[in-house]
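For the record, the sequence lines run as chains A and B.
Sequential numbering of the first sequence, starting at 1, is according to the working numbering.
Sequential numbering of the second sequence, starting at 156, is according to the working numbering.
Misleading hints may appear alongside valid ones.
What the hints assert, rightly or not - No farther apart than 30 Å at their CA atoms in a straight line, the calculated lysine-lysine pairs in the DSBU-like style are these:
1. B/K158 x A/K61
2. B/K215 x A/K57
3. B/K195 x A/K61
4. B/K237 x A/K57
5. B/K168 x A/K89
6. A/K57 x B/K168
7. A/K61 x B/K168
8. A/K44 x B/K209
9. A/K89 x B/K245
10. B/K158 x A/K97
11. A/K89 x B/K169
12. A/K89 x B/K215
13. A/K114 x B/K192
14. B/K215 x A/K85
15. B/K169 x A/K61
16. B/K261 x B/K245
17. B/K245 x A/K85
18. B/K263 x A/K89
19. A/K61 x B/K194
20. A/K114 x B/K194
21. B/K164 x B/K209
22. A/K89 x B/K261
23. A/K114 x B/K263
24. A/K97 x A/K148
25. B/K237 x B/K209
26. B/K194 x A/K89
27. A/K50 x B/K261
28. B/K237 x A/K85
29. B/K215 x B/K166
30. B/K245 x B/K158
31. B/K194 x A/K148
32. A/K57 x B/K164
33. A/K85 x B/K263
Said to hold, decoys possible - Which residues of chain B face chain A? A few of them, derived with a C-beta cut under 10 Å, are:
34. Y212
35. N221
36. H256
To be verified - Cβ pair distances, simulated, as ranges:
37. B/K195 x A/Q145: 35 to 43 Å
38. B/E174 x A/Q145: 40 to 48 Å
39. A/D86 x B/K160: 21 to 29 Å
In short, the hints are calculated from the structure, not lab data.
Note that the structure is predicted; figures quoted are calculated from it, not measured.
Each residue gets a CB set at the ideal place from its N, CA and C atoms; glycine is no exception.
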Amino acid sequence: MLRREFFKTLGVVAAATAVVPSMSFAAGAAPKGPNEMSYEAALKAVTNGKGATPSDKVSLKVPEIAENGAVVPVTVEVDSPMTEKDYVKTIHVFATKNNNSRCAAVHLTPANGKAMFSSRIKLGQTQDVAAIVEMSDGSFLSAAQSVKVTIGGCG
Amino acid sequence: MAKIKSLIKIKPKKYSDGEVVQMSLMVMHPMETGLRKDKKTGEIIPADYINSVKFEYNGKVVTTMNVWESISTNPVFSTYLKIDGAGELKVTFTENTGEVHEKSTKIKPKG
Numbered sequence: 001m002l003r004r005e006f007f008k009t010l011g012v013v014a015a016a017t018a019v020v021p022s023m024s025f026a027a028g029a030a031p032k033g034p035n036e037m038s039y040e041a042a043l044k045a046v047t048n049g050k051g052a053t054p055s056d057k058v059s060l061k062v063p064e065i066a067e068n069g070a071v072v073p074v075t076v077e078v079d080s081p082m083t084e085k086d087y088v089k090t091i092h093v094f095a096t097k098n099n100n101s102r103c104a105a106v107h108l109t110p111a112n113g114k115a116m117f118s119s120r121i122k123l124g125q126t127q128d129v130a131a132i133v134e135m136s137d138g139s140f141l142s143a144a145q146s147v148k149v150t151i152g153g154c155g
Numbered sequence: 156m157a158k159i160k161s162l163i164k165i166k167p168k169k170y171s172d173g174e175v176v177q178m179s180l181m182v183m184h185p186m187e188t189g190l191r192k193d194k195k196t197g198e199i200i201p202a203d204y205i206n207s208v209k210f211e212y213n214g215k216v217v218t219t220m221n222v223w224e225s226i227s228t229n230p231v232f233s234t235y236l237k238i239d240g241a242g243e244l245k246v247t248f249t250e251n252t253g254e255v256h257e258k259s260t261k262i263k264p265k266g
């Protein structure tokens with residue numbers, strides 16, 4: 001009996017420590033140093049290795065053909081009631097083939113009313129733009145679209 | 156560095172209590188990636204970009220954004236805000252060099 005209980009507590013501790021890194025990432029603290037990061041690595045860091053499921057709830061608006069890669073408008077909207085119990089925690093925007101694939105991580109609260117983020121990003125070449133959305137229940141939803149770039153925008 | 160021009164915009168201009176409006180921060184900023192070279196001297200231009208933006212409404216943090224150099228020059232960051240009484244909207248943005256800038260506007264709902 002004692003042995004069984006010991007393993008039970010061990011399991012709880014392991015689960016708690018597994019959750020902590022993802023929490024600290026969500027809390028802020030923009031990383032410093034060389035910013036190179038591939039999309040795969042960034043996705044792993046954001047979702048804690050779980051990956052995201054494509055969903056209709058996330059609408060990603062980017063032009064299919066961007067003439068100028070230096071200014072590409074991006075809008076991410078999420079269908080969510082934004083109440084205390086059910087809201088969008090974070091919207092991540094990635095440019096999959098940029099030197100640093102991370103563009104933005106937007107931490108929202110129920111005080112936002114609606115879940116939306118819009119900005120303009122730089123794209124170095126023709127690539128996919130992806131939005132990963134973390135909901136308050138811990139699930140990850142995603143949406144992606146390819147953008148054709150005629151003139152690159154990174155240098 | 157010289158003072159950075161910024162502007163907070165709220166859409167629509169007239170709004171009432173409880174309404175959801177779009178708030179955006181516009182900044183005149185070069186957003187240097189640190190990868191570009193000066194064409195005349197061949198030296199690398201050091202990175203200079205905004206890495207975090209914080210929206211506070213009546214002292215309560217509404218939205219925090221961590222952004223990287225992939226955001227375009229003269230960036231615009233926008234999201235929604237639910238109006239909950241008169242007050243102040245304060246926006247703080249930080250550069251990767253450590254400089255912190257502040258901008259605020261008054262929220263005056265009608266009706």
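Now for the hints, and whether the structure bears them out:
A C-alpha spacing of about 33 Å is found between B/K158 and A/K61, which places the hinted pair above 30 Å, so the restraint is violated. Of the supplied pair hints, the one linking B/K215 and A/K57 holds, its CA atoms being roughly 28 Å apart against a limit of 30 Å. Between B/K195 and A/K61 the alpha-carbon distance is near 38 Å, which puts this suggested pair outside the 30 Å criterion. Among the hinted pairs, B/K237 with A/K57 is consistent with the structure: their alpha-carbon atoms are about 21 Å apart, no more than 30 Å.
This hinted pair checks out: B/K168 and A/K89 have alpha carbons roughly 28 Å apart, not beyond 30 Å. Simply put, A/K57 and B/K168 have alpha-carbon atoms about 29 Å apart, close enough for the 30 Å limit, and the pair holds. For the hint pairing A/K61 with B/K168, the CA-to-CA distance comes to about 25 Å; that is within 30 Å, so the pair holds. Of the supplied pair hints, the one linking A/K44 and B/K209 holds, its CA atoms being roughly 25 Å apart against a limit of 30 Å.
Taken as a hint, the A/K89 and B/K245 pair is honoured in the structure, with Cα atoms around 21 Å apart against an allowance of 30 Å. A threshold of 30 Å between alpha carbons decides the hint, and for B/K158 with A/K97 the separation of about 33 Å lies outside it, so the pair is violated. A threshold of 30 Å between alpha carbons decides the hint, and for A/K89 with B/K169 the separation of about 28 Å falls inside it, so the pair holds. Proximity of A/K89 to B/K215 is assessed by CA-CA distance (about 16 Å); at most 30 Å being required, the pair is judged to hold.
For the given pair, A/K114 sits about 41 Å from B/K192 by alpha-carbon distance, which is inconsistent with the 30 Å threshold. Note on B/K215 and A/K85: the hinted pairing holds, with a Cα-Cα distance of about 19 Å set against a maximum of 30 Å. Of the pairs offered as hints, the one joining B/K169 and A/K61 holds, with about 27 Å between alpha carbons and a cut-off of 30 Å not exceeded. A hinted pair counts as satisfied when its Cα atoms are at most 30 Å apart, and B/K261 with B/K245 qualifies at roughly 9 Å.
As the CA atoms of B/K245 and A/K85 are separated by approximately 26 Å, the hinted pair is consistent with the 30 Å bound. As the CA atoms of B/K263 and A/K89 are separated by approximately 27 Å, the hinted pair is consistent with the 30 Å bound. A C-alpha spacing of about 35 Å is found between A/K61 and B/K194, which places the hinted pair above 30 Å, so the restraint is violated. For the hint linking A/K114 to B/K194, the alpha-carbon distance of about 44 Å lies beyond 30 Å, and the restraint is violated.
With a C-alpha separation of about 15 Å, the suggested pairing of B/K164 with B/K209 holds against the 30 Å cut-off. For the proposed pair A/K89 and B/K261, the alpha carbon gap of about 26 Å is at most 30 Å, so the pair holds. About 20 Å separates the Cα atoms of A/K114 and B/K263, which keeps this hinted pair within 30 Å; it holds. Of the pairs offered as hints, the one joining A/K97 and A/K148 holds, with about 12 Å between alpha carbons and a cut-off of 30 Å not exceeded.
Note on B/K237 and B/K209: the hinted pairing holds, with a Cα-Cα distance of about 16 Å set against a maximum of 30 Å. Taking the CA atoms of B/K194 and A/K89, the gap is about 42 Å. The hint is violated against a cut of 30 Å. With a C-alpha separation of about 42 Å, the suggested pairing of A/K50 with B/K261 is violated against the 30 Å cut-off. Among the hinted pairs, B/K237 with A/K85 is consistent with the structure: their alpha-carbon atoms are about 17 Å apart, no more than 30 Å.
The hinted pair formed by B/K215 and B/K166 meets the criterion: a straight-line CA distance of about 21 Å does not exceed 30 Å. A threshold of 30 Å between alpha carbons decides the hint, and for B/K245 with B/K158 the separation of about 18 Å falls inside it, so the pair holds. The straight-line distance between the Cα atoms of B/K194 and A/K148 is roughly 27 Å, inside the 30 Å bound, and the hint therefore holds. Distance hint between A/K57 and B/K164 is fulfilled; the C-alpha atoms sit about 27 Å from each other, no more than 30 Å.
Restraint check for A/K85 and B/K263: the C-alpha separation of about 29 Å stays at or below 30 Å, so the hint holds. Taken as an interface hint, B/Y212 checks out: its beta carbon lies about 7 Å from the nearest beta carbon of chain A, inside 10 Å. At its closest, the beta carbon of B/N221 sits 4 Å from a beta carbon of chain A; the interface hint therefore holds under the 10 Å criterion. Using the Cβ-Cβ criterion of 10 Å, the hint placing B/H256 at the interface with chain A is not satisfied: the shortest such distance is roughly 15 Å.
For B/K195 paired with A/Q145, a C-beta distance near 38 Å keeps the hint of 35 to 43 Å intact. The supplied range of 40 to 48 Å is broken by B/E174 and A/Q145, whose beta-carbon atoms lie about 31 Å from each other. Roughly 39 Å separates the CB atoms of A/D86 and B/K160, a value that falls outside the hinted 21 to 29 Å.
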